[in-house]
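Letter by letter, the chains look like this.
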Amino acid sequence: MDDWKPSPLIKPFGARKKRSWYLTCKYKLTNQRALRRFCQTGAVLFLLVTVIVNIKLILDTRRAISEASEDLEPEQDYDEALGRLEPPRRRGSGPRRVLDVEVYSSRSKVYVAVDGTTVLEDEAQEQGRGIHVIVLNQATGHVMAKRVFDTYSPHEDEAMVLFLNMVAPGRVLICTIKDEGSFHLKDTAKALLRSLGSQAGPALGWRDTWAFVGRKGGPVLGEKHSKSPALSSWGDPVLLKTDVPLSSAEEAECHWADTELNRRRRRFCSKVEGYGSVCSCKDPTPIEFSPDPLPDSKVLNVPVAVIAGNRPNYLYRMLRSLLSAQGVSPQMITVFIDGYYEEPMDVVALFGLRGIQHTPISIKNARVSQHYKASLTATFNLFPEAKFAVVLEEDLDIAVDFFSFLSQSIHLLEEDDSLYCISAWNDQGYEHTAEDPALLYRVETMPGLGWVLRKSLYKEELEPKWPTPEKLWDWDMWMRMPEQRRGRECIIPDVSRSYHFGIVGLNMNGYFHEAYFKKHKFNTVPGVQLRNVDSLKKDAYEVEVHRLLSEAEVLDHSKNPCEDSFLPDTEGHTYVAFIRMEKDDDFTTWTQLAKCLRIWDLDVRGNHRGLWRLFRKKNHFLVDEEATINHPNFLGVTPKGGGRPRSCRTDMRPPPGTCRAGLEGLDSFFFFLDWGAALRVGQALTQETAVPNPWTGPPGAHLLMQTHSETLRH
Amino acid sequence: MSKISKNVILVLLTLTSSAFLLFQLYYYKHYLSTKNGSALSKSKGSRIGFDTTQWRAVKKFIMLTSSQNVPVFLIDPLILELINKNFEQVKNTSHASSTSECKFFCVPRDFTTFALQYQLWKNEEGWFRIAENMGFQCLKIESKDPRLDWIDSLSGTEIPLHYICKLASHAIHLVVFHERSGNYLWHGHLRLKGHIDRKFVPFRKLQFGRYPGAFDRPELQQITVDGLDVLIPKDPMHFLQEIPHSRFIECRYKEARAFFQQYLDDNTVEAMTFQKHAKELLQLAAKTLKKLGVRFWLSSGTCLGWYRQCSIIPYSKDVDLGIFIQDYKSDIISAFQDAGLPLKHKFGKPNSSPHCLFCHRYLFPKFTLCWTEFVDTKFRVPCETVEYIEANYGKTWKIPIKTWDWKRSPPNVWPNGVWPISEWDEVIQLY
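Chain order of the listed sequences is A and B.
Read in full-length UniProt numbering, the first sequence has 449 at position 449, and its numbers run on one by one without any break.
Read in full-length UniProt numbering, the second sequence has 195 at position 195, and its numbers run on one by one without any break.
I should point out that these hints are in silico values taken from the structure, not numbers from a laboratory.
Check the hints yourself; a few may be wrong.
[What the hints assert, rightly or not] Computed cross-link-like contacts, DSS-like style, restricted to lysine-lysine with a CA-CA straight-line distance of at most 30 Å:
hint : chain 1 : residue 1 : chain 2 : residue 2
1    : B       : LYS144    : B       : LYS317
2    : B       : LYS290    : A       : LYS364
3    : A       : LYS282    : A       : LYS387
4    : B       : LYS59     : B       : LYS103
5    : B       : LYS317    : A       : LYS373
6    : B       : LYS193    : B       : LYS287
7    : B       : LYS398    : B       : LYS254
8    : B       : LYS140    : A       : LYS459
9    : A       : LYS459    : B       : LYS59
10   : A       : LYS387    : B       : LYS59
11   : B       : LYS290    : A       : LYS459
12   : B       : LYS291    : B       : LYS279
13   : A       : LYS465    : A       : LYS518
14   : B       : LYS254    : B       : LYS234
15   : B       : LYS291    : A       : LYS465
16   : A       : LYS298    : B       : LYS287
17   : A       : LYS518    : A       : LYS459
18   : A       : LYS373    : A       : LYS282
19   : A       : LYS373    : B       : LYS60
20   : A       : LYS465    : B       : LYS140
21   : B       : LYS366    : A       : LYS465
[Unchecked claim] Chain B side only, calculated, beta carbon under 8 Å to chain A, not exhaustive:
hint : residue
22   : VAL8
23   : ILE9
24   : ALA339
25   : LEU341
[As the list claims (entries may be wrong)] Simulated restraints, written as ranges between beta carbons of each label pair:
hint : chain 1 : residue 1 : chain 2 : residue 2 : range
26   : B       : GLU142    : A       : GLN127    : 53 to 63 Å
27   : A       : SER418    : B       : HIS245    : 14 to 24 Å
28   : B       : SER66     : A       : SER418    : 55 to 65 Å
29   : B       : ARG198    : A       : TRP256    : 32 to 42 Å
Ideal Cβ placement from N, Cα and C applies to all residues, glycine included.
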C-alpha cells in the first residue's frame, strides 16, 4: 500500500480512503454475488448524491448572483436620475428630426425663430447694428451662442472671424444683418463667409439686408439677400424660412476619454459655443491646471469670492488665470453670479467650482452694490472660520504669484489696525510708471480690483450700514468715503498682480479701456519675494518715506514736467518733484501732472500723505507736496540742476507758456477721454442688464466732468 | 474481461465523483461562511472575527479614504461607546501589535457611521467614482446650503449632506459636517428624494440624519482599533453626550423676510446700536454659561425675535435667557458679574421661599431643547417654539407690540405665588 501512487488528478486523501475501502470489499466479498451487487448499487447511489449536491450548488450560486444584481439596481436608478439632470435630449422621436428656422433681416428689426420659438428679436432703436450670429446645436437645436458684431465699426469683423473660427464643425450657423453690416467687413471676414458657402456674404454691400443659415463646414441650408438700391436707402427686408435636419447626438459629440474632467467638458460643450479649443475634439485645452502649491501659504484657507455678471467669456478667461495661479485652492473659490444666467453657471461647472446665483435687486450701480453685499455676506457664512476674504471680479487676469503676494503680506492686515485692505492693483502702475515687482506701497485710496477684505471690518463696520437698494451708489465709491475709510490705508504692489481686461461693462467701454487700462503693468514673474514687508506698517513706513525723501535728488523744476527730459536718463536713482497743494485735499496740480504722465487722472489715486511714488525710466520718482520741504528730514537735501523748484511746479495752474506747450499735445487726449466718458454715460443709462462694476474707479462721469470743468476754469 | 473492466469503470467513477463531492462540500461550506458573517470559522485561532462583513467594509472604507486623503473620523455611537469603555486598553495596544480578537468593528450592526468636515475635503469629485470601483454602492444625499438661506435671493450649488456606501450587507454612513458661524459643525437632514430606492439600506436604523444636528467642533485623535487606524473625537464621552441633544432647527428666514416686508426694519442709529450691544451681550452670556456647563435657551423677547424675525427686536431693550431650575448654580451670578454683566432681576430660586419680591412664575408647556443659530452663535431654543411663544405672548405674537411690560403683559405670568420646583423654568433677565 505504501508504494501506491495517487493519480495527480485525484485528491490523495479521498482517493486513498476509497481505494482501501474498495479493496477490503473486493477481498472479502469476491465471490459473493449479492454483496457485489450491493456495492455496485452503493456506487450508483453515491453518484446520484453527487449530482444532487452539484445541482444544489449551481442553484445557490445562481441565487447569489441574482441577489447581487438586484443590489446593483438602486445605483442604476441613481445614474438615471443624474442623467435626467442633463439637458433634455430629443430621443426616439423619429430617426431624423427637422428644425423649422425663420430668419428676418431688415433696417430696424431682426429676429430668428427656431420651431416657432423666438430665440432672437431686436427692434430697439440705435442698438444691435451689424451682423447677428446664432449657433445651434446640430443634434438638439439648442442655442449655444448668440453674438452681434457691429461690422459697421472697425475691428468688429476681426472678432467675428475669431468667433466663427472657434465654432465646432457641424454646428448650425445663423446670420442676419440689422441696419448696416458691411462698412468695416474686411476681406478676411468675407473670405470666411465664402468658405462657409455663402453666396451673398462675400459680396455684401452698403445697407444690404442678408439672412443666412448653414452648417459649419457643411452645406448651406438657406440664404436670402437684398441689395440696397441707393446710398441713402436700405435693402428690402428679407425673411428666410428653411428646414434644418438634425443629426444624431453621437455625431455632435467628441470622443474624449471617459474621465470626470471630460464629463464636465462634455456637458459644457454640448450647451455652449465660443470658447475655442476647450471643446476641440482632437486636442482640447486642459480645464485642470494643478499649479504648484505654495509652501507655507498663509492664504490657503482664505475664501475667494469671484463677483460676476453675465459676461461668461470674461469669467472663463478669469477663472483660467485664477486656477493657474500658484497656491490656489479651488475649493475655497465661490463664484457669485448676479442674475439667473445659465452660461456663466456653465462656465463655473466646467471648472468644477462652486457657483451661486443671485436674484437681481434694484438697478444699475445699486444692483451691483447689493450683489456685492450678498456675495460678501455669503462668503463669510460659507467660511465662518475665515478672517479674510479675497474679492475678485470676473474681468481680471490674476497674476501667477497673486497668492504668493497675498501670503507674504496678509499678516499686515492682522497686525496693523491702520490698514483698510490689501489690493493687487496699483492705480498708477502703468507700463511706463511701474518697475519693481518686489516693492509695496501704502496708499490712502482703495483701488479694489483684486483685494483682501478683513472679516471684522465687514461684519462690524461695513455690513450693518451698507447702502440700501434704493440708494444708487457704487459700492466702491461708498467704501472710499471718509466715513467708511476713517483714515485707514491700503497696501498695494508697485507692479499690479491683477490685470483689468474688461471692455464691456456698466462703467466701461473700449475707448475708456484703451486710455486707462490697456497699458497697465501686470506681473508675470512667478514667486517674487517681496522686499521689507514689515516696513509697510504704519510707523515704519513713515521712517521709510523720510529716508527716501532725504536721499532723493530734487529734479530741475524749471523744466517742463510733461516732457520726457524732466527726468535724467539714468537708472536706479531716486528723484523727487514738488507740487503745490493749498490744502490737504487740493489736488489740482497733481491732476495736471497725472494727465501729462498719462496715468490715472480722473480722481486722486495712490497718494500717501501728499506723496506719490512711481517709476520713470527705471528711476524711482517721488512727487511730494511742497509743504514737506520744510520737514526736518529735508534739511540735508541738496537740490540738483535747477536748484530751488520754480516755474512749472507752482505755475502749473494756470500753466505758463512753457508748460502749456507740453500740455497742448495732450488736449486731444482730453477730448478723447471726454468722449469716452460721454459714451459711458449713455451706456450706463441704456444698459438693461447691469453687471458688476468692472471699474473700481469712481462713477467716472461726474468726476470726469468735474476735472474737466476745473481744467476749463484755468 | 468485461467484468473486470466494468468493475474498473465503476471504481473510477466512484473515485472521481467522491473527489468532486468532497471538493464541493468544502467549497460550499466556505461559501456559506463568507455569506453569513456570523458563521465564522472558529478554527482560525489567532485572528478571531476578522472576516466579518462589518470589519471588511470598514477596512475597505478606511483604505479608500486614506488613499484619497479624505479626513474622515469615526462617530458611530455604538463603537464609540465600546471604545470609550475600553479606552485604556485601546490606547495601550497602540499599533497593529497582535490584536487577536476583533472586538469593535465586528459587532453585529447595519451601519458604521463616519463623519467628515466638508471644507477639509479636497477632491470630492473623484472619490465617488473610486468608491464605486472598489465595490461600494454609494448614495449621495444633497440639499441646498442653509448658510445661504437668510440672504434673500441667493441660490447656489447644492452641498452634500450624507453619503451611504454599501459593501455586501454592511453600509458605511458618512455624515458630512459643514462649518457654521459660531464655531460649530452642522449636519443636514437625510431626506430621501423621490427617485431614491427606499430599500437601499434600512434607513430607519440610521443614527444620524433624522434631524439636522449641531455639534461642537471635536478635536481628533488617531487610534488603532481592531488593526485599523481611525480618527475619533479626542473626548468620545463628550461627543456621545452631545448626540441625543444635537437636534438643530433653522431660523425661519422666509417668514422673517415676510415679516420685514410687512413691518419694515428699524434702521435708526439707536436700534442698530441696541442690536449690536444685545448681540455682544448674548455672545458673552453664551460664553459664560458654556464655561459653567449650564444649559440655557433664548427666552421671551429674544426667542420671539429669533422666531419671528431672525434678529434681535430693537425695541425689546433687554436680552432674555432661560435655564432649568435643576441646572441652577449659585455661581452663575458671580460668573456673570465677573464677565461684567450685573444681574438686575432674578425670578424664582430653587427651594426659595415664596416671599421673594420679584417672584414671577412663568408657566410654559413642557418643552425640549434644540440648537439654532442666532447672531452668529449657537444657541438653544425650545423645539416646540410656537407653543412656547404662544404661552408667553398669546396667539397674536406675529404683530409687533412696542410697549410690553414683562411683569404684567405676558398671559402666563402669575403674580407672586408658590414656586413649583419642577417643570417650570427660571428666567434670568439681563441688561
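Determine which of the earlier numbered hints do not hold for this structure and return their numbers in increasing order. 1, 2, 3, 6, 8, 9, 10, 13, 14, 15, 17, 18, 19, 20, 21, 22, 23, 24, 25, 26, 27 and 28
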